Amino acid sequence: MGKIVALTGNDAAGTAMIQIRPDVVAAFPITPQTELMHKFAEAVADGDVDTEFVSVESEHSAMSAAIGASAAGARVMTATSANGFALMWEVVYIAASYRLPIVMTLVNRALSGPINIHCDHSDSMGGRDAGWIQIHSENSQEVYDNLIQGVKIAENRDVLLPVMVTSDGFILSHTLERMEILDNQGVQDFVGENHPQHTLLDVDHPVTFGPLDLPDYYFEHKRQQVLAMEQAKGAILEVGREFKKLSGRDYWLFEEYQMEGAERAIVALGSTAGTVKETVDALREKGEKVGLIKLRVFRPFPKEELIEALKGIKVLAVFDRSHSFGGFGGPLFSEIRSALYGSDLSLQVLNYIYGLGGRNISLKEIEWVYSDLKEVIETGKVRERINYLGVRG
Amino acid sequence: MSRLKGWKEIPIGGLILEAGNAEEYQTGTWRTYRPVWDEGKCIHCLFCWIYCPDSAIIVEGGKMKGIDLEHCKGCGICAQECPPKVKAIEMALESKLQSEKGE
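Residue numbers (my numbering), protein chains in the order written: chain V, 1 to 393; chain S, 1 to 103.
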């Protein structure tokens, strides 16, 4: 089995990359991702991996190089944060549209301004419609595990989509944590070799990537992306089962924590789920019927499974670490409420925007949320649908 | 355009797996003016064939045989280059021809 180590989220992601040994990595430094690529570049410089490391002059070039290398048949990885991800924008869509299985760590950071380098999810949420699979991580262990699984999910023949694995900036990326890493050979055997069907370097079977796609065919290619996302769900589950055999750790579309018999629940992404678990444990000891759904896979969005998991819940709080300004609540809230509309469930759903620009969220605040939910059950009334948790009045 | 394929029939990601496929793209639909060729006037000098920026002039055995209307975009260069004394190609409004012939 694995080895117990103490690693930061960035070191965990770097370690996963070293063990995956991608053919090509193209990256540009940006806080809080920088250390991750330091770790990997060091392994390249030391000759521990034979990856072609491309030091580019911007994130736009990083993703462009990743696309070229992936189209050529290489297994490609990269990483970025916030404004770096924003600078990649147009090519992020192209990676998904060309169906290239690139795997990227996105170390979540607020998309300025005013300039801020700390964690929120405005960067990854901005990319939610780009056609990338999006997998969120609660801790460094999950960052590591999700990256290794991400390679197999992306390269699955029924999927062939890029995968983004998120890691909460600083909260995970710079915090030392006890975790377990697999041995190199185990990871190598698990990810296997990449055998893409069509590549630019296969001169016996020439292929054109990226031709002009006008109104007569563009829509058909978008429809294919819809199918790939639908099929990704199956691939994520299959890869999760295989990964359990290797690691002993369970991965699904989301994690249900103390949901049995729960009447009040929170849905959260990323590291905050860990803080919510602490609160749930404390409240459960007092006999309160509270639970948590930690959403792991945001794209493809597990609509049916969530509806099933929310049976029995009377009031739900959706935690959003980003906002959709002028919209009806945060992106996760909109998504979940939309999924519930038309289902057999008739629970109340409240939104809590929190943690923007790295603002900490405390156990006490999460406790307040559960008591807000209790009040809704008792009074049958919702005072505020969209709430701002931890902002000064 | 009944020959357009559905989303399940085409390679993913806009990949083109075969060379020489530009022929399959029916650019003739872009045309506003159609070249109308008068075989009786034609002297088979093949200026039209030389100047056509596509490859829409059909030539067999060294003789002009007609115009590939599936690819001709109606630029009118063939009509322009046809010698003034011959004038075997004239440009006519596509919409008018279509309504006359019920195409």
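Keep in mind the hints are simulated off the structure, nothing from the lab.
Quick caveat, the model's predicted, so the values are computed rather than measured.
Ideal placement from N, C-alpha and C gives every residue a C-beta, glycine not left out.
Errors might be hidden in some of the hints.
[Unchecked claim] Below are the DSS-like pairs computed for lysine-lysine, each with C-alpha atoms no more than 30 Å apart in a straight line:
#1 K303/V / K87/S
#2 K222/V / K8/S
#3 K87/S / K101/S
[Stated by the list, open to error] From the structure, some residues in chain S lie toward chain V, with a derived Cβ separation under 8 Å:
#4 L4
#5 G6
#6 W7
#7 I10
#8 G14
#9 I16
#10 G20
#11 V36
#12 V59
Okay, the hints, checked on the actual structure:
1. With a C-alpha separation of about 67 Å, the suggested pairing of K303/V with K87/S is violated against the 30 Å cut-off.
2. Distance restraint check for K222/V and K8/S: the Cα-Cα separation of roughly 11 Å lies within the 30 Å cut-off, and the hinted pair is therefore satisfied.
3. A C-alpha spacing of about 23 Å is found between K87/S and K101/S, which places the hinted pair at or below 30 Å, so the restraint holds.
4. This hint holds: L4/S has a C-beta 6 Å from the nearest C-beta of chain V, less than the 8 Å allowed.
5. Using the Cβ-Cβ criterion of 8 Å, the hint placing G6/S at the interface with chain V is satisfied: the shortest such distance is roughly 7 Å.
6. Proximity of W7/S to chain V holds as hinted, the smallest CB-CB distance being about 4 Å (cut-off 8 Å).
7. At about 6 Å, the closest approach between the beta carbon of I10/S and any beta carbon in chain V falls short of 8 Å, and the interface hint on this residue holds.
8. Given the 8 Å rule on beta carbons, the hint for G14/S holds: about 5 Å separates it from the nearest Cβ of chain V.
9. Checking I16/S against chain V: minimum C-beta separation of about 4 Å stays under 8 Å; hint holds.
10. A distance limit of 8 Å between C-beta atoms decides the matter here; for G20/S the minimum to chain V is near 11 Å, and the interface restraint is violated.
11. At its closest, the beta carbon of V36/S sits 27 Å from a beta carbon of chain V; the interface hint therefore is violated under the 8 Å criterion.
12. The beta carbon of V59/S comes no nearer than 28 Å to any beta carbon in chain V, farther than 8 Å, and the hint placing it at the interface is violated.
The structure is inconsistent with the numbered hints 1, 10, 11, 12, although it conforms to all the rest.
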